[in-house]
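Protein chains: 2
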Amino acid sequence: MANKLTSRNTDYSKWYNEIVVNADLAENSAVRGCMIIKPYGYAIWEKMQAELDKMFKATGHENAYFPLFVPKSLFEAEEKNAEGFAKECAVVTHYRLKNDEDNPGKLIVDPNAKLEEELVVRPTSEAVIWNTYKSWIQSYRDLPILINQWANVVRWEMRTRLFLRTAEFLWQEGHTAHATKAEAIAEARQMNQVYADFVENYMAIPVIQGIKTESERFAGAVETFCIEALMQDGKALQAGTSHFLGQNFSKAFDVKYATAEGGLDYVWATSWGVSTRLIGALIMTHSDDNGLVLPPNLAPIQVVIIPIYKGEEEQNEVAITAEKIKRDLEEKNIRVKFDNRDKFKPGYKFNDYELKGVPLRIAIGPKDLKNGTLEIARRDTLSKSIVSQGEIVGYITSELEKIQIDLFEKAKAFRSENITKVDDFESFKEVLNGKGGFVSAHWDGTNESEEAIKKDTKATIRCIPLDNEQEAGVCVFSGNPSLQRVLFAKSY
Amino acid sequence: MANKLTSRNTDYSKWYNEIVVNADLAENSAVRGCMIIKPYGYAIWEKMQAELDKMFKATGHENAYFPLFVPKSLFEAEEKNAEGFAKECAVVTHYRLKNDEDNPGKLIVDPNAKLEEELVVRPTSEAVIWNTYKSWIQSYRDLPILINQWANVVRWEMRTRLFLRTAEFLWQEGHTAHATKAEAIAEARQMNQVYADFVENYMAIPVIQGIKTESERFAGAVETFCIEALMQDGKALQAGTSHFLGQNFSKAFDVKYATAEGGLDYVWATSWGVSTRLIGALIMTHSDDNGLVLPPNLAPIQVVIIPIYKGEEEQNEVAITAEKIKRDLEEKNIRVKFDNRDKFKPGYKFNDYELKGVPLRIAIGPKDLKNGTLEIARRDTLSKSIVSQGEIVGYITSELEKIQIDLFEKAKAFRSENITKVDDFESFKEVLNGKGGFVSAHWDGTNESEEAIKKDTKATIRCIPLDNEQEAGVCVFSGNPSLQRVLFAKSY
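So the sequence lines, in the order shown, correspond to chains A and B. Note that the first sequence ends on residue 492 in my numbering; no numbers are left out. Note that the second sequence ends on residue 492 in my numbering; no numbers are left out.
Isolated chain A (complex conformation) (with noise of 0.2 Å):
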């Protein structure tokens, strides 16, 4: 089974799709662009999003829910993001569906029934959302409001992938409100580093964080924070995104408040997102030609226990101790699966929970009854050891933790040795058509070059980092005088 999968290097994209379904992630549904979550998948999703909504209720937000349609007049309020996603929105327009008179069995659009107003499914919530704030706010007591919501949302993208883009996907969308530009800015700069921190020390992916260009931002953003990893075929895929959004909402939605000194203000505002994409960077930074790598962090299964026997007799021996070996375990909050299936042989298994990425494995035989041992396999590494059964919990914890450990640095150093300075264009089109990776050259800043550099190279400015270093320089395009590296690359 694992050894079906098309390697990295043949074939990365094919690679990618065949782990996705092969180890019963996704797959496509009979709606175009639009997947369906298997429950392999949606165990890792579930991981993904309880520790992410532990982590917003420490920072104050609370959840809601807001509608899943937006009226096409409010849609169109705030003319920026009704302009970025206009172009690709499902648009309901009729309430009913009746009888097909020509053609028995079948249903038609029933015309009589078309809505006064279009409605469009939701891309993003700011529309709604800021028309919902305009009632909540009239005074500086009602501020901050700090709202995240889990939902899901629809772009109508032309080009699919499995997690990384599809139509209809699932994300959280945090909606905050402020008195102040001040405190707006430093809500979006904070969720961008729970985003970062999460990525880092659960999917254990390094990322740079940054801030978008101004062509790169979100529809109606005055500053858009990001998160960027780096995949194994040295593309960069956005991970998250934390929108400073200034006033733009607030007028175009009319929310003003009375502030503490008596006067009245536009509310500043702030939103930020994940997505199931995280699941994609997740598959493409760990996973290798066998299949998939899951950091310890987040596996549904994070050791699995499959036996070794032969007839009725030796399993129920060996289940005795495999049993006892999973409750010591569970007591530790470790998740374990004892796979006790009959109807398969020990080699499909290890070959079944290798593919879908399962940390560690224990295998456990007659042999190990006598011995009183274990036979231990990562899965990061493929190493096997043999391991005292008395010991067994301590050596499973710190293995997971080690795994944990070094998925990440294992990542970053990769990471590393794909950052490139370049300081001049044929070397740029060099590194991105051959190594790829980051490549961090000067530029002049204007859009021009920007749009230029991309039309020739498919590279985009993926961040300028936060804490970028201030240097000199002249921009790899233009020749023009440049204050600062940024970063590009080819991306998802």
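Simulated from the structure, these hints should not be mistaken for lab results. A couple of the hints might just be wrong.
Claimed, not checked - Not everything, but these chain A residues come out facing chain B in the computed CB check (under 10 Å):
(1) ASN9
(2) TYR12
(3) GLU27
(4) MET35
(5) PRO39
(6) LEU68
(7) SER73
(8) ALA86
(9) LYS98
(10) ASN131
(11) TRP136
(12) ARG141
(13) ILE147
(14) LYS343
(15) ILE464
(16) LEU466
Yeah, the Cβ is synthetic: ideal placement off N, Cα and C, and Gly gets one too.
Based on the hints, put chain B in the right spot on chain A.
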């Protein structure tokens, strides 16, 4: 604030709506029939989700996610299901908006972006899921499939009410596939029992388990199990349903499996769901003219501590003891809020938390510091006690348990008083239009009598109780022979 509510006797429906809005649970949105679930209301839903999710997983179910959209051709495949939902569904016909050339800044539907096949926003997911199961199921080894989904669904209801009936609502829908009819029926019954356990033990609402008559069955089901609750105004509310779908969907989507015996058979199905409607039931069962009353097992805040003080110094002294009590209670996993906001007076806070249904209130002032006491008020009975600080943890723990039980017993006693046996149609109408509640009456088992009764009285058969006593009698409407009584009521 609290005394501004309309009383239940004056206008039950108005009272309900005022509680929902004033207790910050939910409000209407700019989108017809779609509600905004506010943080306090959503926190209750999160508690409900967490408990239900545990119960689903404990019975072997996994979560997954299926698309929001159902292509029209899939939607119409199971004829009865399609017929049941076609009249009230949101239909996506286009995937783009464009600038309106005649009205700068306005958008119109782009006629060039018409979908080849219309998409229905899911009113329920049987169609899209059974179309998927077709490729997941080949043999008996692939069965059972036990999947649940947490999702939003849309039904274009004409008359909507917050939580009780909204165009978009949040729910969970379980969809299972089985090799045998008996196993599928057992699953449907099991999940109805899970719902009954949840609603009784967490929501403190007594329910009657039963089966629906043919006319009240879910569109596409062979048998619909349900739990029915009674609201304070004497109307019934269907709190959850679990459907045995027979082979209707496997036949519509051609889902066959190779049996262990070498044959080929259609798969047996169930589906089951509860929704944010449950919050409506929660409100209408326990609340009073002062506002919401929440059962401790689901209350986002179980205990609120309100300080009484004059001046900063007293506030600080009171806060030290209040914080300590908060910590002590939180150690026992009790959800406590210490509301030390200076901008609101104690009286305002008392009213506000009463309106919001917080089960227990602790008031603490300088006198209490001196005497080592605290004043405890119960939301459900509005009774007050003075408790010594040293005994507070034990007292609160046992009071929370008591409130949970008392709310259930009170609701159960109310229901017992409001199940009335009648044996003639005049009494039937008299009870229905007088005290209301469930009317237990003989019915001849025909659609005709059921329909005629409904037309005449607006009462429907809520269910045939599961463990119904068999008792010969005559139909309250037709006079024809009947073997059992069924429960009639007006309902939400």
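Hint check:
For A/ASN9, the suggested interface contact is broken, since its CB lies about 30 Å from the closest CB of chain B, more than 10 Å. Using the Cβ-Cβ criterion of 10 Å, the hint placing A/TYR12 at the interface with chain B is not satisfied: the shortest such distance is roughly 26 Å. Here the hint on A/GLU27 is kept, as its CB sits about 8 Å from the closest CB of chain B, short of 10 Å. The restraint placing A/MET35 at the interface with chain B holds, with a minimum CB-CB distance near 7 Å, inside the 10 Å limit.
Checking A/PRO39 against chain B by beta carbon gives a least distance of about 4 Å; that is within 10 Å, so the hint holds. A cut of 10 Å between beta carbons decides the hint on A/LEU68: the least distance to chain B is about 5 Å, and the hint holds. Checking A/SER73 against chain B: minimum C-beta separation of about 8 Å stays under 10 Å; hint holds. Because the closest C-beta pair between A/ALA86 and chain B is about 4 Å apart, less than 10 Å, the hint holds.
Evaluation of the A/LYS98 hint against chain B yields a held restraint, the C-beta minimum of about 7 Å falling below 10 Å. Taking 10 Å as the C-beta contact cut-off toward chain B, the hint placing A/ASN131 at the interface holds, the least distance being around 6 Å. With its C-beta approaching chain B no nearer than about 9 Å, A/TRP136 sits inside the 10 Å limit, and its interface hint holds. Annotation: interface hint on A/ARG141 holds; nearest CB of chain B at approximately 7 Å, less than 10 Å.
Interface restraint check for A/ILE147: the shortest CB-CB distance to chain B comes to about 7 Å, inside 10 Å, so the restraint holds. Residue-level restraint check for A/LYS343 holds (minimum Cβ-Cβ distance to chain B is 7 Å; threshold 10 Å). Using the Cβ-Cβ criterion of 10 Å, the hint placing A/ILE464 at the interface with chain B is not satisfied: the shortest such distance is roughly 32 Å. Look at A/LEU466: its Cβ only gets to about 31 Å from chain B, farther than 10 Å, so that hint breaks.
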